[in-house]
Amino acid sequence: MAEMINVEVTYALPQRHELVKLVLPAEATVADAIEASGLLARYPDIELDKRNKVGIFAKLVRLDAALRDRDRVEIYRPLIADPKLVRKKRAEEGKVMKKGGGEAGED
Amino acid sequence: MLTALLIMAAIALVLGAALGFASIRFKVVGDPLVEKIDAILPQTQCGQCGYPGCKPYAQAIANGEADINQCPPGGEEGIRKLADLLGREFKPLSEEFGVEKPKAVARIDEQTCIGCTLCIQACPVDAIVGAAKQMHTVVEPLCTGCELCVAPCPVDCITMEPVAETVETWKWKYPVIEIRKRA
Numbered sequence: 001m002a003e004m005i006n007v008e009v010t011y012a013l014p015q016r017h018e019l020v021k022l023v024l025p026a027e028a029t030v031a032d033a034i035e036a037s038g039l040l041a042r043y044p045d046i047e048l049d050k051r052n053k054v055g056i057f058a059k060l061v062r063l064d065a066a067l068r069d070r071d072r073v074e075i076y077r078p079l080i081a082d083p084k085l086v087r088k089k090r091a092e093e094g095k096v097m098k099k100g101g102g103e104a105g106e107d
Numbered sequence: 001m002l003t004a005l006l007i008m009a010a011i012a013l014v015l016g017a018a019l020g021f022a023s024i025r026f027k028v029v030g031d032p033l034v035e036k037i038d039a040i041l042p043q044t045q046c047g048q049c050g051y052p053g054c055k056p057y058a059q060a061i062a063n064g065e066a067d068i069n070q071c072p073p074g075g076e077e078g079i080r081k082l083a084d085l086l087g088r089e090f091k092p093l094s095e096e097f098g099v100e101k102p103k104a105v106a107r108i109d110e111q112t113c114i115g116c117t118l119c120i121q122a123c124p125v126d127a128i129v130g131a132a133k134q135m136h137t138v139v140e141p142l143c144t145g146c147e148l149c150v151a152p153c154p155v156d157c158i159t160m161e162p163v164a165e166t167v168e169t170w171k172w173k174y175p176v177i178e179i180r181k182r183a
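These protein sequences, in sequence, are chains U and D. In case it helps, the numbering used here puts the first sequence at residues 1 to 107. In case it helps, the numbering used here puts the second sequence at residues 1 to 183.
Errors might be hidden in some of the hints.
With a Cα cut of at most 20 Å, we get these calculated SDA-like pairs of lysine to any residue [claimed, not checked]: (1) Lys59/U x Lys133/D; (2) Lys89/U x Glu110/D; (3) Lys133/D x Asp82/U; (4) Lys55/D x Pro124/D; (5) Lys88/U x Val155/D; (6) Lys133/D x Glu47/U; (7) Lys133/D x Pro152/D; (8) Lys133/D x Glu3/U.
With the C-beta cut set under 8 Å, the calculated list includes, among others, these residues of chain U facing chain D [unchecked claim]: (9) Ala12; (10) His17; (11) Val20; (12) Lys53; (13) Glu74; (14) Tyr76; (15) Arg77; (16) Ala81; (17) Pro83.
Simulated from the structure, these hints should not be mistaken for lab results. Keep in mind it's a predicted model, so treat the numbers as computed, not measured. Think of the CB as a built atom: it goes at the ideal place given N, C-alpha and C, for glycine as much as any other residue.
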């Protein structure tokens, strides 16, 4: 028997979370995993490689990327806010942008 | 007579060999006490106890370096269970480490999230799905309510929302019997 790997495919919405556990052959790619998860059929609004990007554990990867055992394939959704506008607005309101740890300035 | 002796000796040898084999083959790795303490701890991995996670805290309790009342998420119930397990006196939660709060999960305001990944790096249990410049979402069943993601957010878009008590989340409360009326 060919070597198998365990992976998860997840698609998170604010109120609903999908987490599909899969056992795939070792040479499977990200696209195979998403195909096998059946999430595309359940959520027709997922547009891979256009609107929705994919990644493994918070790192963006391409659809033909290879999988490793215990990877979590994540289907992302685009941002609603424009990061530049949010930063600008916060600056106008006089709020300080802090960076990791949250020590820089109290607001 | 001799046969009986021989049979008993043979049985003793076989059983001895079997026990010896079992003790090597099924050796328990690690300290079972640490495992038991770890099973009681809430696995929030929040670090409020001063240790980098629940397992290190369990280790510290087992070694006698830490007290049993340093875990705010575990609350009074957790301290009682630890006291039972270790045969120690119950003591109230040490305020130095925080106060007991109802279980909450993080929620990200999608209108404000800028996809900076700082909360993802802070999350000890991989409960936030997202990547650079992609929407970040908290996966509620995975979130332990440790609040470690709240501080790093540069746009303050994460709030903690208490989990409402439903049929699935309801748990038996520790029985409280009031012996004397409170003043």
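Going down the list of hints, with the structure as the test:
no., hint, in the structure
1, Lys59/U x Lys133/D, "11 Å, holds"
2, Lys89/U x Glu110/D, "16 Å, holds"
3, Lys133/D x Asp82/U, "10 Å, holds"
4, Lys55/D x Pro124/D, "13 Å, holds"
5, Lys88/U x Val155/D, "11 Å, holds"
6, Lys133/D x Glu47/U, "17 Å, holds"
7, Lys133/D x Pro152/D, "16 Å, holds"
8, Lys133/D x Glu3/U, "35 Å, violated"
9, Ala12, "4 Å, holds"
10, His17, "5 Å, holds"
11, Val20, "13 Å, violated"
12, Lys53, "6 Å, holds"
13, Glu74, "5 Å, holds"
14, Tyr76, "4 Å, holds"
15, Arg77, "4 Å, holds"
16, Ala81, "6 Å, holds"
17, Pro83, "4 Å, holds"
Of the hints listed earlier, those the structure fails to meet are numbers 8, 11, in rising order.
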